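Peer 1: Throw the hints in and build the complete structure from the sequences for me.
Residue 183 in numbering that gives the first Met the number 0 sits at position 184 of the sequence shown, with consecutive numbering throughout.
Quick caveat, the hints were computed from the structure, so don't treat them as lab data. Quick caveat, the model's predicted, so the values are computed rather than measured. Worth double-checking, as some hints may not be accurate.
Said to hold, decoys possible - Simulated pairs of lysine to aspartate or glutamate, EDC-like, Cα-Cα distance not exceeding 20 Å:
id, residue 1, residue 2
1, Lys176, Glu166
2, Lys200, Asp243
3, Lys151, Glu166
Claimed, not checked - Quick list of the computed label-pair ranges, beta carbon to beta carbon:
id, residue 1, residue 2, range
4, Pro235, Arg143, 12 to 22 Å
5, Ser260, Glu121, 40 to 50 Å
6, Ser190, Glu344, 19 to 29 Å
7, Glu203, Ala283, 13 to 23 Å
8, Met0, Lys252, 54 to 64 Å
9, Tyr194, Pro145, 30 to 40 Å
10, Glu121, Asp170, 18 to 28 Å
11, Glu323, Pro191, 34 to 44 Å
12, Ala283, Ala17, 51 to 61 Å
13, Arg32, Gly178, 18 to 28 Å
14, Ser76, Lys252, 55 to 65 Å
15, Leu286, Met0, 53 to 63 Å
16, Glu344, Asp140, 44 to 54 Å
17, Glu322, Gly178, 13 to 23 Å
Beta carbons: idealized from backbone N, C-alpha and C, even for Gly.
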Amino acid sequence: MRTITTTAELAEYCQEAATHDYVTVDTEFLRERTYYSKLCLVQLAMPGSTDDNAVLVDPLANGISLQPLYDLMADESTVKVFHAARQDLEIFFHDGDVIPTPLFDTQVAAMVCGFGEQVGYETLVRKIAKASVDKSSRFTDWSRRPLSEAQKTYALADVTHLRQIYEFLRDQLAKNKRGKWVSEELSVLTSPETYLMDPDKAWERVKVRTSAGKFLAIVRELAKFREAYAQERNVPRSRVYKDDALTELASTKPKDMNDLSRSRLLLREARKGEIAEGILKAVADGLACAPEDMPQGDKTREKLNVNPALADLLRVLLKAKTEEMGVAAKLIASASDLDLMAAGERDVAALSGWRREAFGEDALRLCNGEIGLAVKGRSVKVITL
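Peer 2: As structure tokens, this is what we get:
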């Protein structure tokens with residue numbers, strides 16, 4: 000089992016990998032104590048059925064540069080194969096300023112090929128590669144050295160079995176002509192915007208139960224401060240303050256340190272120093288926000304006049320279509336999409352791109368009263384009206 004610890008070794012391996020149609024990739028990292036993931040290990044494998052051309056790359060080795068790896072990730076002649084790629088891609092984007100392309104994500108492809116929603120790597124190894132994965136090293140601290148042989152074996156298996164999984168899914172997509180479906184899904188993963196967290200937009204990820212402008216203005220300022228502080232110091236945003244503390248602060252609107260001391264949910268470290276000062280300024284800025292500058296919550300659903308019977312029929316149609324095609328329902332339409340359609344909305348993801356081909360046309364016909372559904376047991380039949 001080979002571990003690469005020098006730039007020269009890595010450059011030699013990546014040059015050879017670039018001569019192949021694809022290379023399988025995985026990473027091991029830590030994120031519990033940082034805002035950005037700390038890359039601890041990279042696994043790579045070229046096409047083949049043995050472990051001879053699979054390697055571990057140690058990014059923590061003294062003096063190693065990962066630039067040859069980043070160059071390989073940017074080489075458009077070689078497909079980079081991952082499973083559940085989002086976190087891996089985020090690391091490459093922030094550490095190497097590169098998004099691996101062309102990209103193939105076996106989790107996305109598996110959802111299009113009948114393996115269910117968010118299918119795990121172990122399931123694909125069992126069903127496609129007819130093998131098993133040793134789980135004993137799953138909760139390893141990958142930053143510690145030296146790695147044991149068991150840890151290395153576990154890590155390498157994440158890319159060796161992936162070769163067979165990729166080839167099977169690639170051929171299946173060519174057979175059922177759904178390669179375009181996967182490509183459309185991967186466009187989100189290959190977009191830089193996916194990995195950029197703008198502090199000004201951080202509030203949109205905070206779950207709140209009100210759309211009151213003043214409250215949301217304070218939430219926005221508190222979330223903005225937290226995000227910027229966490230990014231600058233590379234600490235988890237939860238170490239600054241958690242969402243429940245943020246919404247509590249937006250409700251209580253503390254004006255001074257004494258007010259902060261009464262918070263039930265705020266961490267002790269956040270009641271003093273820079274964080275406390277940042278909180279008080281954020282609350283003050285939110286309170287001073289002009290009405291026209293206040294954020295607007297999503298009031299779409301409040302105005303919806305959903306036809307419940309039609310929504311139920313759309314759910315039945317979606318289930319029938321996805322079972323017939325062997326595609327995960329989650330990829331095609333969410334419950335929110337179906338409610339929007341049942342309320343007359345047409346600007347929804349389920350009615351665009353490949354989803355329109357798979358589900359949207361019949362869904363529109365159902366909404367327009369052109370077809371109906373006959374349900375008998377588990378059987379669903381489309382009836383032209």
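Peer 1: Against each hint, give a clear statement of whether it holds in the structure.
Peer 2: Verification of the hints:
With a CA separation close to 15 Å, the supplied pair lysine 176 and glutamate 166 stays within the 20 Å bound. The hinted pair formed by lysine 200 and aspartate 243 meets the criterion: a straight-line CA distance of about 18 Å does not exceed 20 Å. For the hint pairing lysine 151 with glutamate 166, the CA-to-CA distance comes to about 24 Å; that exceeds 20 Å, so the pair is violated. Take proline 235 and arginine 143: their Cβ atoms lie about 20 Å apart, and the range 12 to 22 Å holds.
For serine 260 and glutamate 121, the hinted distance range of 40 to 50 Å is satisfied, since their beta carbons lie about 48 Å from each other. At about 25 Å, the CB distance of serine 190 to glutamate 344 agrees with the hint of 19 to 29 Å. The hint said 13 to 23 Å for the Cβ distance between glutamate 203 and alanine 283, and at roughly 22 Å that hint holds. The hinted range of 54 to 64 Å is satisfied by methionine 0 and lysine 252, whose Cβ atoms lie roughly 58 Å apart.
At about 31 Å, the CB distance of tyrosine 194 to proline 145 agrees with the hint of 30 to 40 Å. Range check, glutamate 121 to aspartate 170: Cβ separation about 22 Å, and the 18 to 28 Å hint holds. For glutamate 323 paired with proline 191, a C-beta distance near 36 Å keeps the hint of 34 to 44 Å intact. For alanine 283 and alanine 17, the Cβ-Cβ distance of about 55 Å falls inside the hinted range of 51 to 61 Å, so the restraint holds.
Range check, arginine 32 to glycine 178: Cβ separation about 40 Å, and the 18 to 28 Å hint is violated. Taking 55 to 65 Å as the suggested C-beta distance range, the pair serine 76 and lysine 252 conforms, at roughly 57 Å. Roughly 60 Å separates the CB atoms of leucine 286 and methionine 0, a value that falls within the hinted 53 to 63 Å. The beta-carbon spacing between glutamate 344 and aspartate 140, approximately 48 Å, falls within the hinted interval of 44 to 54 Å.
With their beta carbons about 22 Å apart, glutamate 322 and glycine 178 fall inside the hinted range of 13 to 23 Å.
Hints 3, 13 from the earlier list are contradicted by this structure; the remaining hints agree with it.
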